[in-house]
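All chains should be modelled from the sequences, with the hints used to inform the complete structure.
Line by line, the protein sequences are chains H and A. Residue 1 is where the first sequence starts when you use my numbering, and the numbers rise one by one after that. Residue 1 is where the second sequence starts when you use my numbering, and the numbers rise one by one after that.
It is worth saying that the hints were derived from the structure and are not from the lab. Since the structure is predicted, the reported quantities are computational estimates derived from the model, not experimental observations. Worth double-checking, as some hints may not be accurate.
Straight-line Cα separation of at most 25 angstroms, SDA-like style, residue types lysine to any residue; simulated pairs [said to hold, decoys possible]: (1) A:K193 / H:E161; (2) H:K186 / A:S198; (3) A:K186 / A:A318; (4) H:K316 / A:E134; (5) A:K565 / H:M506; (6) A:K455 / A:Q426; (7) H:K63 / A:E428; (8) H:K33 / H:N272; (9) H:K504 / A:F578; (10) H:K292 / A:E134; (11) H:K197 / A:K204; (12) A:K504 / H:D515; (13) A:K512 / H:S541; (14) H:K186 / A:K186; (15) A:K63 / A:K230; (16) H:K230 / H:E134; (17) H:K197 / A:A189; (18) A:K33 / A:L88; (19) A:K204 / H:Y162; (20) H:K193 / A:E199; (21) A:K197 / H:A195; (22) H:K63 / A:G343; (23) H:K417 / H:R314; (24) H:K320 / A:T164; (25) H:K230 / H:A14; (26) A:K193 / H:S198; (27) A:K230 / A:D16; (28) A:K512 / H:I581; (29) H:K296 / A:K63; (30) A:K504 / H:S550; (31) H:K320 / A:A135; (32) H:K320 / A:K63; (33) A:K296 / H:L132; (34) H:K296 / H:G284; (35) H:K296 / A:E106; (36) A:K186 / A:R215.
There are 2 protein chains.
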Amino acid sequence: MFLEKIQSPADVKALDVKSLEQLAVEMRAAIIKKLSACGGHVAPNLGFVEGSIALHYVFDSPKDKIVFDVSHQSYCHKMLTGRAQAFLNEAHYGDVTGYSEPAESEHDFFMVGHTSTSVSLALGLATARDVLREAGNVIAVIGDGSLSGGEAFEGLDNAGEYATNFIVVVNDNEMSIAENHGGLYKSLADLRKTAGKSENNYFKSLGFDYKYLERGNDIASLIEVFKSVKDATRPVVVHIHTQKGRGFSFAEHDRETWHWAAPFNPETGEINWGSGESYSEILGLYLMAKIKSDPKVIVIHSAVPAGIGFHAARRKEAGKQYIDVGIAEEHAIALASGLAKGGAKPVYSTHGTFLQRTYDQISQDLCANNNPATLFVTMSGADGMNDTTHLCIFDIPMLSNIPNLVYLCPTCVEEFKVMADWAIDQTEHPVAIRIPNAVHHRSDVFEKDYSALNKFKLEHRGERVALIGLGDFYHRAVAVALELRRNGLDATLVNPRYASGVDKDMLLELAKTHDVFVTLENGVVEGGFGQKVATALSETSARVLVRGLSKEFYDKESFTDLCEKNHLMPAQIAKEVFAIIS
Amino acid sequence: MFLEKIQSPADVKALDVKSLEQLAVEMRAAIIKKLSACGGHVAPNLGFVEGSIALHYVFDSPKDKIVFDVSHQSYCHKMLTGRAQAFLNEAHYGDVTGYSEPAESEHDFFMVGHTSTSVSLALGLATARDVLREAGNVIAVIGDGSLSGGEAFEGLDNAGEYATNFIVVVNDNEMSIAENHGGLYKSLADLRKTAGKSENNYFKSLGFDYKYLERGNDIASLIEVFKSVKDATRPVVVHIHTQKGRGFSFAEHDRETWHWAAPFNPETGEINWGSGESYSEILGLYLMAKIKSDPKVIVIHSAVPAGIGFHAARRKEAGKQYIDVGIAEEHAIALASGLAKGGAKPVYSTHGTFLQRTYDQISQDLCANNNPATLFVTMSGADGMNDTTHLCIFDIPMLSNIPNLVYLCPTCVEEFKVMADWAIDQTEHPVAIRIPNAVHHRSDVFEKDYSALNKFKLEHRGERVALIGLGDFYHRAVAVALELRRNGLDATLVNPRYASGVDKDMLLELAKTHDVFVTLENGVVEGGFGQKVATALSETSARVLVRGLSKEFYDKESFTDLCEKNHLMPAQIAKEVFAIIS
Chain H
1 MFLEKIQSPA DVKALDVKSL EQLAVEMRAA IIKKLSACGG HVAPNLGFVE GSIALHYVFD
61 SPKDKIVFDV SHQSYCHKML TGRAQAFLNE AHYGDVTGYS EPAESEHDFF MVGHTSTSVS
121 LALGLATARD VLREAGNVIA VIGDGSLSGG EAFEGLDNAG EYATNFIVVV NDNEMSIAEN
181 HGGLYKSLAD LRKTAGKSEN NYFKSLGFDY KYLERGNDIA SLIEVFKSVK DATRPVVVHI
241 HTQKGRGFSF AEHDRETWHW AAPFNPETGE INWGSGESYS EILGLYLMAK IKSDPKVIVI
301 HSAVPAGIGF HAARRKEAGK QYIDVGIAEE HAIALASGLA KGGAKPVYST HGTFLQRTYD
361 QISQDLCANN NPATLFVTMS GADGMNDTTH LCIFDIPMLS NIPNLVYLCP TCVEEFKVMA
421 DWAIDQTEHP VAIRIPNAVH HRSDVFEKDY SALNKFKLEH RGERVALIGL GDFYHRAVAV
481 ALELRRNGLD ATLVNPRYAS GVDKDMLLEL AKTHDVFVTL ENGVVEGGFG QKVATALSET
541 SARVLVRGLS KEFYDKESFT DLCEKNHLMP AQIAKEVFAI IS
Chain A
1 MFLEKIQSPA DVKALDVKSL EQLAVEMRAA IIKKLSACGG HVAPNLGFVE GSIALHYVFD
61 SPKDKIVFDV SHQSYCHKML TGRAQAFLNE AHYGDVTGYS EPAESEHDFF MVGHTSTSVS
121 LALGLATARD VLREAGNVIA VIGDGSLSGG EAFEGLDNAG EYATNFIVVV NDNEMSIAEN
181 HGGLYKSLAD LRKTAGKSEN NYFKSLGFDY KYLERGNDIA SLIEVFKSVK DATRPVVVHI
241 HTQKGRGFSF AEHDRETWHW AAPFNPETGE INWGSGESYS EILGLYLMAK IKSDPKVIVI
301 HSAVPAGIGF HAARRKEAGK QYIDVGIAEE HAIALASGLA KGGAKPVYST HGTFLQRTYD
361 QISQDLCANN NPATLFVTMS GADGMNDTTH LCIFDIPMLS NIPNLVYLCP TCVEEFKVMA
421 DWAIDQTEHP VAIRIPNAVH HRSDVFEKDY SALNKFKLEH RGERVALIGL GDFYHRAVAV
481 ALELRRNGLD ATLVNPRYAS GVDKDMLLEL AKTHDVFVTL ENGVVEGGFG QKVATALSET
541 SARVLVRGLS KEFYDKESFT DLCEKNHLMP AQIAKEVFAI IS
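As structure tokens, this is what we get:
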């Protein structure tokens with residue numbers, strides 16, 4: 001077995017092409033075996049096995065620096081740079097993250113997880129090399145899907161002006177997570193059809209030299225093309241045509257499903273997605289019903305349609321009322337603002353971590369214009385994705401401090417639906433709705449009208465202590481209330497509903513009879529909801545315990561650990577409350 | 001005179017080409033006369049006189065919808081849509097804003113001020129038109145400079161996929177605010193040279209049809225080309241070559257200076273920039289000195305070099321240690337992160353309002369990677385730009401809640417310099433420095449090392465009341481202290497220095513002997529600095545007055561009005577303090 005013996009790229013260089021091909025077979029098997037147990041990015045890595053081998057055969061990492069876009073396709077790079085055991089040995093599966101990670105290896109330069117960044121980051125390395133008069137090649141690897149993000153364009157455009165070594169490998173597998181969207185993809189298809197010869201070459205129009213390789217999964221051809229650009233003195237794009245999911249028939253035939261998969265049976269291709277209700281399916285059903293009942297409703301997505309359960313059949317059924325803009329969050333928000341201005345009812349949905357890319361557009365294009373678009377902020381909170389690069393815990397500070405935006409936080413599915421109905425039909429405000437991970441149900445009657453902004457709901461009037469639980473953390477407030485009641489205290493319970501403002505009247509009224517307030521939110525405390533409550537009460541004698549996550553880039557920490565560490569467990573909070581009031 | 005009689009676009013359509021040419025002469029004269037008195041975007045509007053006339057001659061606004069990028073070139077559009085008096089009659093000069101404004105006219109669709117948004121916003125209007133089965137042309141106007149922004153690319157790429165009426169007018173005056181940067185500009189130059197025939201057409205590569213017009217200031221030619229695309233059923237780019245500053249010799253010869261000018265003498269071309277020290281010049285001198293003393297320092301800018309006083313001579317002198325990336329803030333941050341990782345010392349500077357475009361890159365590309373780049377956030381606070389679209393009052397909530405970022409707020413020039421020296425040379429943190437508008441000097445001795453994060457400086461220990469003034473509002477805290485002292489109270493004075501965290505030890509220690517804390521910040525309160533202080537003290541008995549601006553999109557309000565309205569006047573604050581403690 002070759003892979004067992006690969007300690008560093010030097011060991012790759014020592015092999016002949018036939019052995020490298022055998023190595024590729026072993027790497028593919030390792031990927032399938034490990035991911036069948038752990039889940040992960042199956043199809044992207046299977047498509048870039050040969051690309052990774054050829055890069056390390058031709059270039060001299062880490063002197064030559066390879067920067068991966070998203071870095072979800074960097075598993076093979078990891079195997080070839082001293083981390084093979086993390087893919088071969090079950091006991092070491094947990095040794096590496098699913099993305100590039102400088103803490104793991106000198107061959108990794110950035111912690112990356114969002115798309116469209118590799119060109120700019122790599123250009124920084126190349127410019128530092130030139131300014132500091134160092135040597136070496138700099139290579140940015142980017143998928144065709146990631147090219148639709150504005151940051152990638154900005155990087156390519158800037159790089160096109162330099163007269164220096166800068167190599168961009170465009171790994172074209174004809175797919176984003178789902179199908180690609182954008183006029184660019186027609187011209188990429190033309191390039192594939194003409195072996196790179198068609199007119200109106202996007203990369204050349206930005207100043208790059210250009211090479212095309214049709215056989216992007218053929219090691220010998222890859223080695224040849226990479227050798228031809230090694231030590232190039234001008235920016236060059238190497239456009240390679242690869243096959244997403246290659247060598248695993250299930251993934252070859254359903255590349256979207258296998259982009260990222262939960263643990264699966266490698267024999268049957270059955271993926272264990274887990275059971276139980278999920279918000280992606282709830283959102284999918286809700287939005288499809290809206291689309292059917294109201295021709296003005298337009299659902300917008302930016303390349304992660306699974307987040308709203310919009311699988312291919314649903315996308316087809318939605319027809320023109322569904323728009324996937326590609327990985328283009330900035331454009332998605334401006335488009336939504338324009339749609340709302342034009343009289344349509346746009347609903348844009350993406351995960352909180354990706355919404356970060358469009359802060360300015362939310363502020364300027366949408367909120368300064370006060371257009372009534374609706375945003376669903378999915379996967380919110382610390383109980384969802386827990387990679388540093390995918391944390392969805394910064395959305396409350398980001399969104400709740402932008403004027404004009406109404407940020408609603410439903411406590412359960414039933415409340416979500418009435419809030420969404422209101423948001424979509426009203427014409428006064430841009431509205432965002434925070435979609436949690438955990439699915440809760442409540443049988444209460446919920447208000448249908450949220451136009452009286454920032455009115456909290458007093459769910460139960462008790463005494464001395466008021467618990468204010470935002471969104472899904474309302475249920476945590478209920479748990480704290482139970483804990484207090486067990487110790488003889490009947491606490492007041494509030495569902496604030498709005499994260500973008502506070503009900504100062506209610507708070508000051510409660511402050512007359514309550515000594516302690518506790519706020520609970522499933523996100524970072526700094527700049528968030530609880531700090532607004534603390535400020536509203538800061539001129540009274542009330543004590544306020546502001547509870548949420550402290551400002552940190554958490555890395556793969558479990559939700560329970562995070563809650564304990566941040567004093568979010570009901571027993572911890574109850575103890576702290578009694579310490580104050582007794 | 002024709003212009004006097006233009007009440008609406010219908011009056012434009014009634015004129016023949018010769019009369020339209022006379023109208024253009026009158027409009028140019030009106031622009032020069034008004035702007036010589038009021039200041040404004042001189043050169044962009046002078047270059048788009050004929051374009052505006054021809055658009056309104058050919059299309060039927062507002063049924064046909066024209067969306068301007070940045071909208072700093074929309075003065076002529078305003079003149080032709082019922083607002084001529086605001087350019088002819090001194091008494092009405094103040095009737096219109098410098099940007100498109102839906103509140104002024106049904107011919108304006110969005111309030112716009114940032115670049116690169118028109119394509120996406122207009123595509124929203126076009127899509128709403130199609131979904132609602134309405135009619136009419138949709139036209140996005142965008143300058144060549146704005147094409148370097150990622151949002152424009154995302155919009156063009158998405159639009160290129162549609163089979164519908166969508167017209168993009170590329171107003172190519174061969175300039176951004178300063179010279180253009182990016183590989184794209186070489187291919188735009190090739191298109192100009194070949195009358196639109198060169199290969200590797202960027203717009204075609206994104207799926208657009210394409211027309212080129214060399215004589216972009218010739219009304220008859222413009223009418224002809226616009227007529228040829230009216231009611232087009234596919235997306236089309238009309239690339240027109242215009243002359244920035246046309247018809248005003250000073251502006252024709254120095255297009256950068258005349259992009260935006262303060263009031264000027266139209267006979268001599270002398271611009272009254274005002275006198276006194278400015279931070280742009282202080283930053284320019286500081287950064288040039290850094291560049292000369294340290295070859296690792298790289299100054300990065302995104303197309304607003306005047307913000308750091310980098311006029312053409314200075315840019316030339318800085319050589320390779322100065323990079324203008326074009327209007328590409330996202331890329332600028334990722335590039336800075338890469339430079340820092342590669343061992344250089346990048347300093348990126350832009351106005352706070354434009355930094356909004358790169359929230360995600362600051363979080364992910366820079367701070368999650370904890371690379372030691374330095375950011376200067378210029379024009380910060382409510383005493384600078386006061387157009388809704390250019391407010392620099394949201395930066396504290398935006399930046400101070402991102403983990404790992406150290407956000408420093410100097411109180412004066414001397415403190416700025418030591419903070420910047422520290423930030424640039426240290427290698428532990430990404431650091432942002434908030435550059436105020438008002439230039440203050442202090443003769444104190446300032447610490448050289450800021451690595452003990454979030455340590456406030458106790459400037460004066462008084463009693464009962466502690467005043468905490470952040471950055472330039474430290475001087476406001478001093479004024480409050482004087483006011484209190486006049487009434488017999490010797491207040492404590494704190495310079496917090498950091499906006500990204502609080503000195504909880506100091507606050508809790510002070511809380512033992514102080515009843516009231518007042519925080520003062522020159523930005524919105526929500527999500528900002530004072531709310532962190534209030535939260536740090538929320539479990540004590542101290543009262544905290546959190547003072548700054550309330551969360552709002554202010555529109556052209558004077559600094560004094562804003563301060564009064566937000567209870568920021570020293571006398572107001574002193575009165576409120578005494579109300580609590582007496």
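Among all the numbered hints in the text so far, which are the ones the structure does not match?
none
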